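Peer 1: Okay, here's what each chain looks like letter by letter:
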Amino acid sequence: MRTSDWGKDLVNQIMIGITGLCTLLTVGTLIFILGYLVYHGSAALSWSFFTQLPAPVGETGGGMANAIVGSGKVLLLATLIGIPIGFLGGVYLSEYGGKTFSFVVRYMTDLLNGVPSIVIGIVVYALVVHPMGHFSTFAGGVALGVMMIPISVRSTEEFLHAVPQSLREAALALGAPKWKAIVSVVIPAAMRGIISGTMLDLARVAGETAPLLFTALSNQFWSPGWNQPTATLPVMIFTYAIAPYDDWHRQAWAAGFVLLALVLSINIIARLALSRGTYVPKS
Amino acid sequence: MATTGALNQDALTPPSRGESFVRRFRADEELAYLVTLTAAAAVFLITALVWYELFAQSSLSRHKFGWGFLFTSTWDPIAGTFGALPFIYGTVVTSALALLIAVPQGLGAAIFLAEMAPPRISNALTFLIELLAAVPSVIYGLLGIFILVPILQKSVVPALKAVLGELPIFQGAFYGVSTFSAGIVLSVMILPFIVSVSREVLLSVPRDQREASLALGASQWQTTWRVVVPNASSGIMGSIFLALARALGETMAVTMVIGNTPQIKASLLAPGYSIAAVIANEFTEATGDLYLSALIELGLVLFGVTFVLNGLARILILTTSRGGAHS
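Going down the list, the sequences are from chains A and B.
19 is the number that the working numbering gives to position 19 of the first sequence; each next residue is one higher, with no gaps.
Count along the second sequence from 1, then add 1000; that gives the number in the working numbering.
These are calculated hints, taken from the structure and not from any lab test.
Owing to the predicted nature of the structure, the values given are computational and were not obtained by experimental measurement.
Heads up, none of these hints are tricks.
Now the in silico label distances, taken between C-beta atoms and shown as ranges: (1) A:Phe101 with B:Pro1104: 34 to 42 Å; (2) B:Pro1158 with A:Asp246: 22 to 30 Å; (3) B:Ile1151 with A:Leu21: 18 to 26 Å.
We treat Cβ as the ideally placed atom computed from N, Cα and C, and that holds for glycine.
One chain only, chain A, in its complex shape (with noise of 0.2 Å):
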């Protein structure tokens, strides 16, 4: 063996070395924030957490019911708002789109799916809150349900498109008309996918702080409606995180704690899904 070899191999193991090192951090990074959220989180958590509304400044205990059913209701709203546009707009680019067109439209929707999300608020401030004349909970639905709307859009179009061109082909082949066969032969192929994508929006925007300050604002209390300002879960672990009680900050971590129990949840169960679909597009 030449001595050059020698270097060679060296100069290979090093960098095997180092780069595995980066991959470790990177994982490591993650290991540490579940362990400080798992650790600071459960010894805040108790039941009146998920029971009660927040206590007065100055009173102990007291927990963040409201925060939860607003989150869930701001969801719901946005959800009902994001996927059904996303859905559709995806079955175009995946069935009917022609070349240039669906570019366009496929390059928009990336362009979307970066705006940061303080923007997003801003504009649904413009366009909803500031003409309504007052914070709400459908504010906030609208500026989630935006947010949702780009991926929607890229991971049903995705997941159609992995649909075997021959099962279209079988159905038209059978007479149905092209619409008939993108309803009860294309898309149930692809609904595992398409479901699980939408599991892993939801997630995305669940987490979402900056769109709610300005739309859905907060709220100490309980929010009837759809009309009022409410409290979300992440709103609320911000604003406790920078106030200066301590119970406050025991609060943010059990909230933490939560919401990020609910996020990562949602994401393995959906990936799992995934990767066990029959139709999977390599993600």
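Since the structure of chain A is provided, determine the placement of chain B on it from the hints.
Peer 2: Only chain B this time, still in chain A's reference frame:
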């Protein structure tokens, strides 16, 4: 197989309905087409609406301050004078710091996952790294305030000062919240984006390129560094742009650790402010149309910059990955 039954029925609709059947058939087809087209067009409409609203709502501030808005540094709501420079400075510095840390580490991890690790291990680790991307930004903020800042204060910053204390960027007292802390939190947040996009791009480099290089006697690392990485370079650049756009627009985590002080200091250890953070903090408290309009103009600046960066990033990534159109 219930679906096939339904299909058969439809396909075999009696010919006696003749004319009307064909017409109904076409009408349904048109309707399905139009509905999905409208949904796809909605994406356009929303993007246009975002541009329009930001532009229209910021007109007051744009007319009053002109381009000077971007280059002056007085932010005084009471006097009605608004200059964005401290926020632009803070945003740029924190993002640059984040890239400085995250790019080498992210690229290293991407190379390891795409080229060095066995597929099974690579897939498992990638799964974990993608989970990291799913952690909400407010959680990063929470950890930033209560975990990272104390660690920086206790050990990292004193050590840095001992070694590099002469440098202007490490001068002055450190109170925990600072541009430095914000940059570090941001670097962790953008890491998963760099790793997962770069890994994809590396994996899309054709196999025969690697094989040709290995056949010539190059080591695995030489192949990676001299053949695969150069081939994927524009896509990697794209992933960095994508991450930069994320960093510039990131709001909550930065707001929680940057210190929220509109000033331009050479020292990274001093508190600062960012565009997104000032919008988050002051938007609901903005009294007066000019104040609000100035904040919206900041939003316009942020949107414009991230829009262009994302646009460039997507093009760079498309040119690298061959499955371009559907990646």
